[in-house]
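Chains as they are written, first to last, in my numbering: chain A, 25 to 106; chain D, 25 to 106; chain F, 790 to 941; chain B, 790 to 941.
Since the hints were derived computationally from the structure, they do not count as laboratory data.
By construction, the Cβ of each residue, glycine as well, lies at the ideal position given by its N, Cα and C atoms.
Among the clues, some could well be false.
Lysine-lysine pairs mimicking DSBU-like chemistry, simulated, CA-CA at most 35 angstroms apart [unchecked claim]:
| hint | chain 1 | residue 1 | chain 2 | residue 2 |
| --- | --- | --- | --- | --- |
| 1 | D | K33 | D | K65 |
| 2 | F | K855 | F | K909 |
| 3 | B | K909 | D | K33 |
| 4 | B | K909 | D | K65 |
| 5 | A | K33 | F | K915 |
| 6 | B | K855 | B | K915 |
| 7 | F | K915 | B | K909 |
| 8 | F | K915 | F | K855 |
| 9 | F | K909 | A | K65 |
| 10 | B | K909 | B | K855 |
| 11 | A | K65 | A | K33 |
| 12 | F | K855 | B | K909 |
| 13 | F | K909 | A | K33 |
| 14 | F | K855 | A | K33 |
| 15 | D | K65 | B | K915 |
| 16 | B | K855 | D | K33 |
| 17 | B | K915 | D | K33 |
| 18 | A | K65 | F | K915 |
| 19 | B | K915 | F | K909 |
Facing chain D, a subset of chain B residues (Cβ under 10 angstroms, in silico) [unchecked claim]:
| hint | residue |
| --- | --- |
| 20 | G830 |
| 21 | A842 |
| 22 | H871 |
Chain residues, written in single-letter form:
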Amino acid sequence: MALITYWGKLADLVGTASETHTLPEDVRDTQTLRRWLDGEKSGHGVLMDPANRIAVNDEIVAEPAPVSDQDQLAFLPPVGGG
Amino acid sequence: MALITYWGKLADLVGTASETHTLPEDVRDTQTLRRWLDGEKSGHGVLMDPANRIAVNDEIVAEPAPVSDQDQLAFLPPVGGG
Amino acid sequence: MGEVLTSDALSPGELLGAFQSSLEVSGGVVSFCGQVRPINGAGQTVTTLHLQAHPSLTDAGILNAKAEAHSRWPLEASMIRHRIGDMAPGDTIVFVATASAHRRAAFESADFLMDYLKTKAVFWKKEITDTGAAWIEPRREDHSDYARWASA
Amino acid sequence: MGEVLTSDALSPGELLGAFQSSLEVSGGVVSFCGQVRPINGAGQTVTTLHLQAHPSLTDAGILNAKAEAHSRWPLEASMIRHRIGDMAPGDTIVFVATASAHRRAAFESADFLMDYLKTKAVFWKKEITDTGAAWIEPRREDHSDYARWASA
Numbered sequence: 025m026a027l028i029t030y031w032g033k034l035a036d037l038v039g040t041a042s043e044t045h046t047l048p049e050d051v052r053d054t055q056t057l058r059r060w061l062d063g064e065k066s067g068h069g070v071l072m073d074p075a076n077r078i079a080v081n082d083e084i085v086a087e088p089a090p091v092s093d094q095d096q097l098a099f100l101p102p103v104g105g106g
Numbered sequence: 025m026a027l028i029t030y031w032g033k034l035a036d037l038v039g040t041a042s043e044t045h046t047l048p049e050d051v052r053d054t055q056t057l058r059r060w061l062d063g064e065k066s067g068h069g070v071l072m073d074p075a076n077r078i079a080v081n082d083e084i085v086a087e088p089a090p091v092s093d094q095d096q097l098a099f100l101p102p103v104g105g106g
Numbered sequence: 790m791g792e793v794l795t796s797d798a799l800s801p802g803e804l805l806g807a808f809q810s811s812l813e814v815s816g817g818v819v820s821f822c823g824q825v826r827p828i829n830g831a832g833q834t835v836t837t838l839h840l841q842a843h844p845s846l847t848d849a850g851i852l853n854a855k856a857e858a859h860s861r862w863p864l865e866a867s868m869i870r871h872r873i874g875d876m877a878p879g880d881t882i883v884f885v886a887t888a889s890a891h892r893r894a895a896f897e898s899a900d901f902l903m904d905y906l907k908t909k910a911v912f913w914k915k916e917i918t919d920t921g922a923a924w925i926e927p928r929r930e931d932h933s934d935y936a937r938w939a940s941a
Numbered sequence: 790m791g792e793v794l795t796s797d798a799l800s801p802g803e804l805l806g807a808f809q810s811s812l813e814v815s816g817g818v819v820s821f822c823g824q825v826r827p828i829n830g831a832g833q834t835v836t837t838l839h840l841q842a843h844p845s846l847t848d849a850g851i852l853n854a855k856a857e858a859h860s861r862w863p864l865e866a867s868m869i870r871h872r873i874g875d876m877a878p879g880d881t882i883v884f885v886a887t888a889s890a891h892r893r894a895a896f897e898s899a900d901f902l903m904d905y906l907k908t909k910a911v912f913w914k915k916e917i918t919d920t921g922a923a924w925i926e927p928r929r930e931d932h933s934d935y936a937r938w939a940s941a
């Protein structure tokens, strides 16, 4: 089971901040993850948008990057504080 | 009588911070003032140095500027705070 | 949450006082504090600003930026405090202070840290106004401000 | 002496706190404080720094510079406090704060005011070290720092 988290506006857009999924066999990297999950969540492309970055186990990754069913996968929209 | 004041390092160099003088008849502007006073105070040119500016009645002047025997004349070495 | 992030109110005067009394040799200290503005860029009345941080990425990124500031400028010390959670107009969101023997180093490094915090630090901001709620992202100028530091 | 010059100790934390609580709309506040350094540029131990001001020229010049800052940048407020008389190492010589809706305006105007104070403000500084006393004048970098603002 992978833990998938959505941050900032993405939690509002997909309707949850955190969920677990058993990743399908053919989801092996961030590219296949994005396509599959955007369909699951009816994201209408928002989870495909590279402006929304992915962290795998608390590291923001250069994509495509491998993912596995034991990972924590975070979707991070554009950031900014201050 | 003119009130002549010396600020910063100039008070140390001429040995006083403030003095009154009756200006000689031929001292009519800052240029003649500088030459006369540098002789009086044995300034060895320090009062002729344009880096040391003159304020007439609390206004820093563009030189040469007129001076009279009723003026307050201040000699101001290079400034800087902070 | 480490020493950077807090959900408690920030008091810039007290933070600056504490920062300064910790210094030994610096001639110059620059501070920046950012407050929640009562009116947003669209002229709407802001009631609440909500700042969300990530439990590990936010802190790690800020500590990296702090280390980069110390490697680029000769700083004696720096301090970064960033509020998270719900804030009201006038509340301090962020406090940054830098200390150096050289005034220019103190100014530039504080400026650099603020540009980082505005565009690269892992925060998400939601603004609640009298007409609704909206997630807000850095402005174009914030990104070009940060880009100034790339060439140095 | 007006509100700028004082022979009493300056407390930057208290000044920043007071400045900030006076603000209504600004999103960003930049402050600078300069302290007496315990060791001078030549490596000598400083015991006292003496700052002399002129009774009218100093204040008038600083108020002019403040007005110029307000005409060049969209500031809500600014504060300048400068110590005169005898100071010990660690004492605050100068405190400047600027507030604006725009962070860049707050940074640039504080920087401008400090460049003014370092090179144009009517002060004379005498440094007393363990080896004697010397009048000190602005460094070459201070003058080139101020010259940055001429073209804008």
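Is the Cα-Cα distance between K33 of chain A and K915 of chain F 35 angstroms or less? 8 angstroms, holds
Given hint K33 of chain D paired with K909 of chain B - CA-CA distance at most 35 angstroms: 17 angstroms, holds
Check the hint pairing K915 of chain B with K909 of chain F against an upper bound of 35 angstroms on the C-alpha distance. 45 angstroms, violated
Given hint K915 of chain B paired with K65 of chain D - CA-CA distance at most 35 angstroms: 22 angstroms, holds
Has the given pair, K855 of chain F with K909 of chain F, been kept, meaning a C-alpha gap of at most 35 angstroms? 13 angstroms, holds
For a C-alpha distance cap of 35 angstroms, please report whether K65 of chain A and K915 of chain F respect it. This hinted pair holds, its Cα atoms lying about 22 angstroms apart.
Does the structure keep K915 of chain B and K33 of chain D at a Cα separation of 35 angstroms or less? 8 angstroms, holds
Could you grab the alpha-carbon distance between K909 of chain F and K33 of chain A and see if it respects the 35 angstroms cut-off? 17 angstroms, holds
Assess, step by step, whether the Cα of K915 of chain F is no farther than 35 angstroms from the Cα of K909 of chain B, and give holds or violated. 45 angstroms, violated
Regarding the hint that A842 of chain B lies at the interface with chain D, is the smallest CB-CB distance below 10 angstroms? 8 angstroms, holds
Is the hinted pair K909 of chain B and K855 of chain B satisfied, with a Cα-Cα distance of at most 35 angstroms? Roughly 13 angstroms separates the two Cα atoms, so the pair holds.
Proposed interface contact between H871 of chain B and chain D, which counts if any beta carbon pair is under 10 angstroms: 6 angstroms, holds
Of the numbered hints stated above, those contradicted by the structure are hints 7, 19, 20, listed in ascending order.
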